[in-house]
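Novice: So the chains spell out like this:
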Amino acid sequence: MTTTHEERPVTTTTQNAGGVPAAQTPEPVIEMRDISITFGNVRALDGVSLRLLPGEVHALMGENGAGKSTLIKALTGVYTIDSGTIVVGGEEHQFSTPAAAQAAGISTVYQEVNLVPNLTVAENMLLGREPRFLGGINVRAMNRRAAATLERLGLDIDPRSMLGDHPIAIQQLVAIARAVDVEARVVILDEPTSSLDADEVEKLFEVMRRLRADGVAIVFVSHFLDQIYEIADRMTILRNGRLVEERMVADTTQLQLVQLMIGRELEALERLDRAATHQVTTTEPVLKAVGLSRKGSLEATDLCLYDGEVVGVAGLLGSGRTELARLLFGADTADNGTLEIRSARRRLRSPRHAIDRKVAFSSEDRKAEGVIADLTVADNMLLALQASRGWLRPIPQATRNRLVADYIEALDIRPADPNALMRNLSGGNQQKVLLARWLITEPELLILDEPTRGIDIGAKAQIQAKVAELAGKGMSVVFISAELEEVLRLSDRLVVMRDRRKIDERRNHDVTVSDVLEIIAGQGDAAGSRTEEETSRD
Amino acid sequence: MSAATATLGTTSLWDKVRTYSPPPRFLPLIVTIALFAGMFGAGSVRYENFGDPQVFLSLMINNAHLIVLAVGMTFVILTGGIDLSVGSVVAMSTMILAKTLEKGWSLPVAIVTVLLIATLLGTVMGLLIHYFDIQPFIATLAGLFLARGVAYLISIESIPIANETFMKWAYEPITLWSTYWIRWSVVVALIAVAVAAYVLAFTRFGRTVYAIGGNESSAMLMGLRVGVVKVGVYAVSGFCAGLGGLLFALNTPSGNSLHAVGMELDAIAAAVIGGILLTGGRGYVVGALVGVLVLGVIQTFIIFDGTLTSWWTRIAIGVLLLVFVVIQRLMTRRQT
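Protein sequence lines correspond, in order, to chains H and Y.
FYI, full-length UniProt numbering numbers position 209 of the first sequence as 209, with every residue one higher than the one before it.
FYI, full-length UniProt numbering numbers position 238 of the second sequence as 238, with every residue one higher than the one before it.
Note that these hints are calculated values from the structure, not bench results.
Do not rely on the hints blindly, as some may be mistaken.
[Claimed, not checked] Below, simulated SDA-like cross-link-like pairs (lysine to any residue); rule was C-alpha separation at most 25 Å, straight line:
#: 1; chain 1: H; residue 1: 295; chain 2: H; residue 2: 349
#: 2; chain 1: Y; residue 1: 103; chain 2: Y; residue 2: 160
#: 3; chain 1: Y; residue 1: 103; chain 2: Y; residue 2: 120
#: 4; chain 1: H; residue 1: 288; chain 2: H; residue 2: 375
#: 5; chain 1: Y; residue 1: 16; chain 2: H; residue 2: 346
#: 6; chain 1: Y; residue 1: 16; chain 2: H; residue 2: 295
[Unchecked claim] Listing some non-contacts, in silico: residues in chain H with all C-beta distances to chain Y over 10 Å:
#: 7; residue: 123
#: 8; residue: 153
#: 9; residue: 372
#: 10; residue: 483
[As the list claims (entries may be wrong)] If you want the footprint, here are the derived chain H segments under chain Y, 3+ residues with CB under 8 Å:
#: 11; segment: 241-255
#: 12; segment: 311-324
Note that this is a predicted model, so its numbers are computed, not measured.
The beta carbon of each residue, even a glycine, is placed where N, CA and C say it ideally should be.
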């Protein structure tokens with residue numbers, strides 16, 4: 001640990017004391033320098049550096065796909081790095097297996113609890129390095145040692161109880177206790193809070209503070225900005241596999257952080273023209289959700305959708321946008337809350353129920369959940385209609401031909417050949433076929449999750465125009481997209497998501513991209529309560 | 001225990017008994033033991049001499065080989081695997097033993113050869129299962145055909161065993177008290193159960209077996225030696241099958257390719273009835289022992305009755321198996 005280095009850390013931008021009590025910067029426990037990893041043609045990490053100081057909570061920030069997980073897996077030996085160095089306590093290391101990283105004092109606690117439910121808490125903490133006596137496990141010594149570690153972390157858990165008998169939050173804490181018992185110098189917590197409630201998160205933070213006081217470096221990954229500001233000292237921000245900046249949390253406002261994560265300066269973003277806002281005339285909503293929630297994916301959310309209205313859902317990746325859509329469609333079942341479709345109370349147990357009620361959902365992951373590559377354009381288009389009719393009532397050939405020809409023309413799908421194999425179409429045209437698939441069922445509510453992702457600008461414009469046209473004809477549309485400009489251009493009403501809940505809902509009158517970013521960055525609870533007032537006035 | 005109840009002495013003990021609720025993980029085992037006791041009790045009431053301790057001891061003597069097979073099967077099932085080869089390995093073992101003795105090998109050498117070959121076969125299946133990611137069902141099905149084939153290759157005819165020492169082990173009774181006796185095969189089987197119980201409960205190997213059954217990828221991420229243990233359980237099962245074959249030979253005493261057809265299914269049934277979860281991670285080796293005894297007591301019933309055909313054994317086992325699998329399902333559902 002005390003090995004001196006000629007090469008000092010390069011990225012010493014802001015070096016205030018912050019969470020590190022020592023006046024000077026202590027020697028980093030771990031330094032990753034210029035790490036690059038390539039998967040096929042994709043550069044997952046491009047010259048990323050990360051340094052961890054003893055006794056700090058270091059937040060790793062970035063949107064989904066920014067490279068956080070890849071960086072963690074590079075550090076823990078799951079992925080091998082193509083170039084760059086990892087220096088642990090002054091020595092250069094190359095971890096080829098998770099076990100090697102563990103031996104160097106790097107422990108990881110994943111989002112999913114990676115323990116065994118059918119063994120005791122003590123066994124889960126110590127198995128693999130349990131105290132032994134004459135070849136057998138010394139159960140009493142093992143329980144004692146587990147109890148001591150749990151006590152050090154301030155946890156009141158019986159080490160002899162079965163792990164599976166505890167709620168998931170406790171299991172998560174046991175996983176951390178296991179990590180700590182290895183004499184870990186670095187503990188990586190990858191989204192540990194995503195399935196915990198507020199009290200449980202507080203307990204986790206308590207444990208993290210104790211570890212920090214013991215000089216352990218903690219890497220903390222979370223989508224919840226408030227949590228970052230509560231616990232983290234320093235952060236490294238990644239975007240598109242590149243290092244953006246290393247900063248002190250205290251010196252960064254939430255707004256700045258969001259900008260750094262998304263990568264655009266607010267001033268540079270101009271407000272885009274959008275179509276005249278549609279005014280809702282009917283009073284009866286197509287769909288009304290009250291207190292809709294699901295543990296680990298969405299907190300209680302109210303939402304009303306009206307005929308002829310486009311509701312845009314904005315928020316960072318992982319803010320609960322897709323989760324909301326899936327709950328509305330019945331792809332996931334809600335734990336709590338009610339759903340009314342046309343004023344009739346419904347419980348959507350499966351997408352089939354939703355389709356029967358004239359709700360359609362185009363998934364964000366078109367490769368995995370939508371496109372069937374080996375079927376023709378016509379087959380792909382007619383899939384949902386056929387499913388809703390039941391397999392025993394085939395669609396007459398004439399009707400098939402007419403529908404397919406109509407939609408190929410209406411959406412300008414190329415090649416304009418109903419018998420072309422789906423795999424041979426470009427992404428944009430595949431997306432149009434998927435849109436056609438749902439339009440053919442004549443839904444009253446259409447949920448579009450990232451309908452324009454990864455497609456060229458021309459196809460994008462065509463899809464946007466079609467969405468506007470459909471709403472004009474009275475269809476209710478939920479439009480989800482990572483591109484704020486697009487959401488703002490299309491929607492009549494705007495729903496802003498953050499931390500798995502709706503934080504704002506407003507008419508789309510002169511709302512700018514920077515307005516939305518400010519809402520997302522928010523000012524913690526103040527913003528939340530203000531929003532509630534506003535929405536209740538609506 | 002409050003002071004008031006403690007002073008009442010006997011009542012406090014009764015309170016303890018009355019309010020005692022076993023941890024849910026022991027429940028299937030307790031149900032099986034209760035079932036066995038109930039069946040044995042019912043038999044004693046219904047038939048004369050059924051309650052004689054020697055009936056129980058004979059149960060052990062007749063099923064010693066199956067107990068050993070069930071012990072090996074317990075290891076495999078606890079990891080979430082299955083071993084279909086054990087019945088054939090029993091037949092192969094009896095043949096190898098009979099043939100080598102016929103050729104004039106000394107008894108210890110013959111026994112060690114049998115155990116080595118059976119363990120080796122188990123190890124090879126384990127290696128295939130772990131390193132080539134082959135379904136245990138398929139890998140051990142291949143082992144089933146292979147071992148049975150080897151048995152036929154050695155001889156199509158039955159080979160009698162005439163080794164003097166071996167015959168002495170086979171027929172020499174061990175008197176327990178007054179006129180009650182067991183045979184050496186029972187001693188071997190009970191030692192196997194005891195060793196297995198210790199290994200599973202108190203060694204890293206045993207706990208890793210449970211961990212793999214609980215969640216294999218978690219076990220891997222916890223840094224446990226998943227590969228070694230996974231191969232190890234099939235080696236243990238192979239060894240137990242070889243040992244079971246030796247005990248089976250003591251009962252018959254001969255080598256025959258037709259021995260033990262379908263016995264792997266009896267071993268699996270015994271383990272399941274004994275409360276060992278087929279998905280792995282839950283159950284105790286003692287359960288497998290009791291499971292074998294339950295199967296045995298059904299047979300005893302039919303023998304004592306005299307009017308039922310022996311196929312009723314199969315029907316009873318089928319019904320019991322179904323009931324126990326449903327119980328297991330309900331229990332695991334409640335816990336998740």
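Novice: Going straight from one Cα to the other, do residue 288(H) and residue 375(H) come out at no more than 25 Å?
Specialist: Not satisfied, since the Cα-Cα distance of roughly 36 Å exceeds 25 Å.
Novice: Three or more residues of the segment 241-255 of chain H near chain Y by CB distance under 8 Å?
Specialist: Result for this restraint: violated, n = 0.
Novice: Would the least Cβ to Cβ distance between residue 123(H) and chain Y come out above 10 Å?
Specialist: violated (6 Å)
Novice: Taking the shortest Cβ-to-Cβ distance between residue 372(H) and chain Y, state whether it exceeds 10 Å.
Specialist: holds (28 Å)
Novice: Keeping to a limit of 25 Å between CA atoms, is the pair of residue 103(Y) and residue 120(Y) held or broken?
Specialist: Holds. Residue 103(Y) to residue 120(Y) sits at ~22 Å (cutoff 25 Å).
Novice: Sort out whether residue 160(Y) lies within 25 Å of residue 103(Y), counting only the CA atoms.
Specialist: It holds: about 12 Å lies between the C-alpha atoms, which stays within 25 Å.
Novice: So is residue 483(H) really clear of chain Y, every C-beta pair being over 10 Å apart?
Specialist: The claim stands: residue 483(H) keeps its Cβ more than 10 Å from every Cβ of chain Y (closest is about 37 Å).
Novice: Has the given pair, residue 295(H) with residue 349(H), been kept, meaning a C-alpha gap of at most 25 Å?
Specialist: It holds: about 16 Å lies between the C-alpha atoms, which stays within 25 Å.
Novice: Within 25 Å, alpha carbon to alpha carbon, are residue 16(Y) and residue 295(H)?
Specialist: violated (40 Å)
Novice: If we take the beta carbon of residue 153(H), is the closest beta carbon in chain Y still more than 10 Å away?
Specialist: Nearest chain Y Cβ is 18 Å from residue 153(H), so the label holds.
Novice: What's the verdict on residue 16(Y) and residue 346(H), does the C-alpha distance respect the 25 Å limit or exceed it?
Specialist: violated (50 Å)
Novice: Please check whether the segment 311-324 of chain H has three or more residues whose CB lies within less than 8 Å of a CB on chain Y.
Specialist: With 0 residues closer than 8 Å to chain Y, the segment 311-324 of chain H misses the three-residue bar; violated.
When each numbered hint is compared with the structure, violations occur for hints 4, 5, 6, 7, 11, 12.
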